[in-house]
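Student: Residue numbers (our numbering), protein chains in the order written: chain A, 40 to 260; chain B, 242 to 734.
Misleading hints may appear alongside valid ones.
Rough simulated footprint, nothing fancy, chain B against chain A, three-plus residues with beta-carbon under 8 Å [claimed, not checked]:
#1 92 to 99
#2 108 to 114
#3 119 to 133
I should point out that these hints are in silico values taken from the structure, not numbers from a laboratory. Glycine is no exception: its CB is placed at the ideal position from the N, C-alpha and C atoms.
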Amino acid sequence: MSLLEIREETVGYSGTTVLRELELTIENGERIALVGESGSGKTTLLNLIQDRLGKAAALVPQELGLVQALSVFHNVYMGRLHQRSVWRNLRNLFLPAKSDVDLVRPVLEKLRLEEKLFTSVGELSGGQQQRTAVGRALFHPGEVLIADEPVSAVDEHQAREILAAITADKPTVILAMHDRALAIEFADRLIGLRDGAVVLDARSSGMKPGDLDDLYRNVDI
Amino acid sequence: MIVRPEPSPLGRTTTTFVGIAFICFVFADVAITTVDPWQEFKLLLVGIVTPDFYATDSVAQSIGYTLAFAFLGVALSNVLGLVLALLFFSRIVRTFCAVIRAVHELFWALIFLQLFGLSPLTGVLAIAIPYAGIIAKVYAEILEEADPAPLKTVPGGTSLLSTFIFVRLPDAWSHFRSYSMYRLECGIRSSAVLGFIGLPTLGFHLETAFKEGQYSEVSALLILFYVVIATMRTWMRRQLIPVYLIGAAAILPWGISFSFENIVRFLTEDIVPHPLRTGAGMDAFGDWLHLMVFEQALPGTIATVQLTMIALVATGFLTMVLFPLISPLLFGKASRLSGHIFLVVARSTPEYILAFILLQLWGPSMLPAIIALTIHNGAIIGHLVGRYTETMKLRQDASKGINRYAYEVLPRVYRPMLALLFYRWEIIMRETAILGILGIATLGFYVDSAFADLRFDRAMLLIAITAMLNICVDAISRSVRSRLRLQTSLKQQ
Numbered sequence: 040m041s042l043l044e045i046r047e048e049t050v051g052y053s054g055t056t057v058l059r060e061l062e063l064t065i066e067n068g069e070r071i072a073l074v075g076e077s078g079s080g081k082t083t084l085l086n087l088i089q090d091r092l093g094k095a096a097a098l099v100p101q102e103l104g105l106v107q108a109l110s111v112f113h114n115v116y117m118g119r120l121h122q123r124s125v126w127r128n129l130r131n132l133f134l135p136a137k138s139d140v141d142l143v144r145p146v147l148e149k150l151r152l153e154e155k156l157f158t159s160v161g162e163l164s165g166g167q168q169q170r171t172a173v174g175r176a177l178f179h180p181g182e183v184l185i186a187d188e189p190v191s192a193v194d195e196h197q198a199r200e201i202l203a204a205i206t207a208d209k210p211t212v213i214l215a216m217h218d219r220a221l222a223i224e225f226a227d228r229l230i231g232l233r234d235g236a237v238v239l240d241a242r243s244s245g246m247k248p249g250d251l252d253d254l255y256r257n258v259d260i
Numbered sequence: 242m243i244v245r246p247e248p249s250p251l252g253r254t255t256t257t258f259v260g261i262a263f264i265c266f267v268f269a270d271v272a273i274t275t276v277d278p279w280q281e282f283k284l285l286l287v288g289i290v291t292p293d294f295y296a297t298d299s300v301a302q303s304i305g306y307t308l309a310f311a312f313l314g315v316a317l318s319n320v321l322g323l324v325l326a327l328l329f330f331s332r333i334v335r336t337f338c339a340v341i342r343a344v345h346e347l348f349w350a351l352i353f354l355q356l357f358g359l360s361p362l363t364g365v366l367a368i369a370i371p372y373a374g375i376i377a378k379v380y381a382e383i384l385e386e387a388d389p390a391p392l393k394t395v396p397g398g399t400s401l402l403s404t405f406i407f408v409r410l411p412d413a414w415s416h417f418r419s420y421s422m423y424r425l426e427c428g429i430r431s432s433a434v435l436g437f438i439g440l441p442t443l444g445f446h447l448e449t450a451f452k453e454g455q456y457s458e459v460s461a462l463l464i465l466f467y468v469v470i471a472t473m474r475t476w477m478r479r480q481l482i483p484v485y486l487i488g489a490a491a492i493l494p495w496g497i498s499f500s501f502e503n504i505v506r507f508l509t510e511d512i513v514p515h516p517l518r519t520g521a522g523m524d525a526f527g528d529w530l531h532l533m534v535f536e537q538a539l540p541g542t543i544a545t546v547q548l549t550m551i552a553l554v555a556t557g558f559l560t561m562v563l564f565p566l567i568s569p570l571l572f573g574k575a576s577r578l579s580g581h582i583f584l585v586v587a588r589s590t591p592e593y594i595l596a597f598i599l600l601q602l603w604g605p606s607m608l609p610a611i612i613a614l615t616i617h618n619g620a621i622i623g624h625l626v627g628r629y630t631e632t633m634k635l636r637q638d639a640s641k642g643i644n645r646y647a648y649e650v651l652p653r654v655y656r657p658m659l660a661l662l663f664y665r666w667e668i669i670m671r672e673t674a675i676l677g678i679l680g681i682a683t684l685g686f687y688v689d690s691a692f693a694d695l696r697f698d699r700a701m702l703l704i705a706i707t708a709m710l711n712i713c714v715d716a717i718s719r720s721v722r723s724r725l726r727l728q729t730s731l732k733q734q
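The shape of chain B in the complex, shown without the other chains (with noise of 0.2 Å):
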């Protein structure tokens, strides 16, 4: 017989979300439609074990023009993020925020490329506005969370601007830093993914190299890639920002120019319903919006949450299995090291980059998206909670193999893993509506294809709508977490 205990808060909610994801799961076209995928990854194997760095002059190329927009990116959204997050005691400003990190980078992109076409302006601009408004929220919490007794000590009449210098920014700056670097590290990945949709990064190159079957140059492109971002800690200096700046000022094609009337176009009249743009009526625009809504941002939004919350609970599950690897609890030092290895390059490698892989392997359904997500995800999540454990204290006579990751090590880290999890759950879905740019039945499928028409009516529209899609899942997430009280403090990401 057995003796059924109450669940506990955490339980239900576990077990809830499962569920969804089970239901989810069952709906879910996860067929591999490639005649013979195995084939085709024995070749991608055996490039990868064979990387070609020598395959064409574009591989450092694009590495450099990739680390360019992610420099000019970072800093300028540093600046930007800084500014408005000095004035996030606004309602006004802290909805702006939201909304603008709302929308992906690819979006952004997409929206830019209509203004400034191929100008370095795009890349620079899509990675800097929605890394703003995300760089906005982490600051404003950081001089929230500062020390407030210094301000007590500050004499009457001192300037804000002295007493913000002198008092708040001194005990931030070290957070400030910190985070910069792992923005920097985001905004790498970014760069290189914004090569998909044509830019002159890595991912132009990747897409290139693949669509073409050498498999060795992709060998090589993502080496190098995962190298650049394994060593950041060592070329990333304070002294060498500057240096590095003007340096990817320099490189960046700045001669490319644009029209400023296809800008003041795009901005009055194509991004307008077009049935309003050519004066059709109200009833042309009633069936406008009928068909926009039931043909592509329902069916859209629907892929686009069952996507996501599969991915969701594949990466829970996904990250019990990996943040073994890393911890000095349950192996030793040898088994780690390879653990380490693994997860640095699955959390490296942007997820867009291993669902265009996985695509090409399997053919177009929802299971390379959730694969990719899960990997990418889990990746990141097992690695923190991996780190976490590391600072665990266990009695001296504690079981050890498997009853000891049960009974001691998951029960200590399964809060903070969910609220990790829970915290991921909007980046999953901004990354999930992104995919469908690659084909999957995703919102980033339809805006893909409204621009590829050239109908940005329905693309802002649909962006409008995943924007408010994302700002939803961020607010049931904070209720969940705060209601479970899951605190995410372990670490900012």
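Same shape as in the complex, but just chain A (with noise of 0.2 Å):
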């Protein structure tokens, strides 16, 4: 069976159309990279997705989500706040426990931020922060990860690395992304919009970025 199927007319925020005529079937496993320019309704479709999950999905929103005065460790351990008895997660406020730490960890190691483990995530760069928001969604024990732009903020060899870990953690992963090479390297199938409709829906294998440019071709010309 599949993971979601999506069969919309229309999708948008208080009257205003932001996707049309949408027909999606996602499977599990399956490695999925949103394409498109910015405005061209990435965001609204993995809201969309995120919505008919419910909980199920771990989630990195394009503003992160972090809480500044919490330290990388709290942040992160936010993943399983659910599957924690309360007081556990009240005494880990204020004393976490080394068991948690050393959940949390190995998490931080494959993204590098293992020395951060209790700074405030406020006295982080942006890059780090990314990652830290990242580090969250993988402590997610959900099977799906949805991101929307989760390296937007890093170099290229470290959104390498962080797109690795995503994809080797999470059997399902749904990406908005705008680095076309990293989109074509990392998920398996391409979905493409421009103005609020799905103009590609391919396998990547093969593809090349140029392939891509007519997503982003100024229609006026």
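Using the hints, put the two standalone chains together into the complex.
Tutor: So, in structure tokens, the structure goes:
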């Protein structure tokens, strides 16, 4: 059975249509990248998918959703708040248990953040904050990971590491990406959006970044 | 095993203050001394649910006087405050303002009572003088924050006044207006409390009704008071201000005369330390000073600081409990409404009235004062923090319930909450000193006793010490806030 089937005439907020004539089926185990210009509807589609999947999916929102005053450990630990008792959560807020720190540490090692374990997020750089948000999603027990531009604030080398960690950890991954080369490299299915419509839905194997030029071409020319 | 992270500066400050408060609490007298506190409480509850609005015709009159003093006092303080704000570049003016606002309205009222007796001038000036000091500071800050760019476009040779009226004032005006509204609300509360020292406002009738056990009248007075404050935004309109001011001036009993001889004697003789006045020599003055410091000022100061620290930390804890009640992140619309009602009532009730009521129920100890200060201030800060959470956006998959509170909401509001708490530290201390008038051994107790014994020299010395203490706490609070980079711009209260 498919993970998700979406059939919608129009999707939008308060009267304005963002997406049109949507027909998508997402299978378990797929690695999907949404590509397209900014404003083409990627975030709206991600929100729709996240809505349909409910709490099952791990999420990296574009604005990251980190708690600046808390440490990296706490922010990552938040990926599993719902699996722990409230008492344990309250205790971990003040005195992190070693067993939980030991669970979080390997996640941070993958993201090269282990040295920042107890640094508060407010003191981190933009790239480090982004990696913390990815860490929270990796720590989330969900099998599906939804991420909106998860590597926009890091260099290409780190981007590869992060995407490798994401795709190795989570069977099903749905990413919004503006970097075409990385999208082709890490996703096995590309969904291209333009002006709120799906104009491309294909396997990524064998594709080159140039093949996606149509998505970004200015319509007026 | 537990991994202990390095405490943050915020965490260290919190621990330090909680530790200090704990030590203060260990040495505090918090006994309930009345024989049967719950019996009286039951009677009070019965009175609260059976308000009697026709108990006496004094109910309407006392509300009228309360509003009249507040209107005139706040209007006068606005004029004085604006003038002082324009002179705020001068260190002398800044110091002057710091001193007049460090002395509480009730202390000013006790002083003016000696000068003008029960003339309305006493009540109006008691509100206007300290408020002018507060308003001067706030208005000066507003003017300072105004956009300086338009100043450059003013043609050369334009007079200072024109520049001010055309460039500075329009920008600041809306801020002045909203702050004045807040001040008026404070003024109504202060005016109500002035009744406790004999002016014909709400507090006077409240005290009488309470002492006679007329709890239904107490209830009617309090309910009217809440309604007046809660509906302020609807009846307080710009066009009506002249009407209110003229009405206020008209209903107050100005006929009560006072003698100028009295005023001159108070200012030139009564407040001079007794040994100096009678020419008893420096040795006698030394003894007088020794007595004042070791038997009154020092114990009064210790009790004031002790009570302040307990109330400050308790306020912090209560705030953490109260703000979720009105936060849309944590509660639905229906439960938030009851939260709002509770917070409005708790923050509209002046600490003094709350402490007075609790003191009647529990007898004299620090407990009524602690609870009163905590409830009033916790409700004020809880309201502001709760409103602040309305602007917060959580990620879509954020956790729910207590997890959400502990991990998503509290860490985000903790810093602004501490900022507000430290901002109110000085206010709590001023209020703590005043609660002494009710019989708790803070500085106000010694001030009140000195006035009662007509020893004005002692009263003035003790008021000066109280003011200095407030200025010190204000300075400490400011340094803590700047060290922790706590911004109070959340809302100027």
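Student: Evaluate each hint against the coordinates.
Tutor: Verification of the supplied hints:
1. Counting residues of the region 92 to 99 of chain A whose C-beta lies closer than 8 Å to any C-beta of chain B gives 4; at least three are required, and the coverage claim holds.
2. With 5 residues carrying a beta carbon less than 8 Å from a beta carbon of chain B, the region 108 to 114 of chain A meets the three-residue requirement, and the given coverage holds.
3. Interface restraint, the region 119 to 133 of chain A with chain B: holds (6 residues with C-beta to C-beta distance below 8 Å; minimum three).
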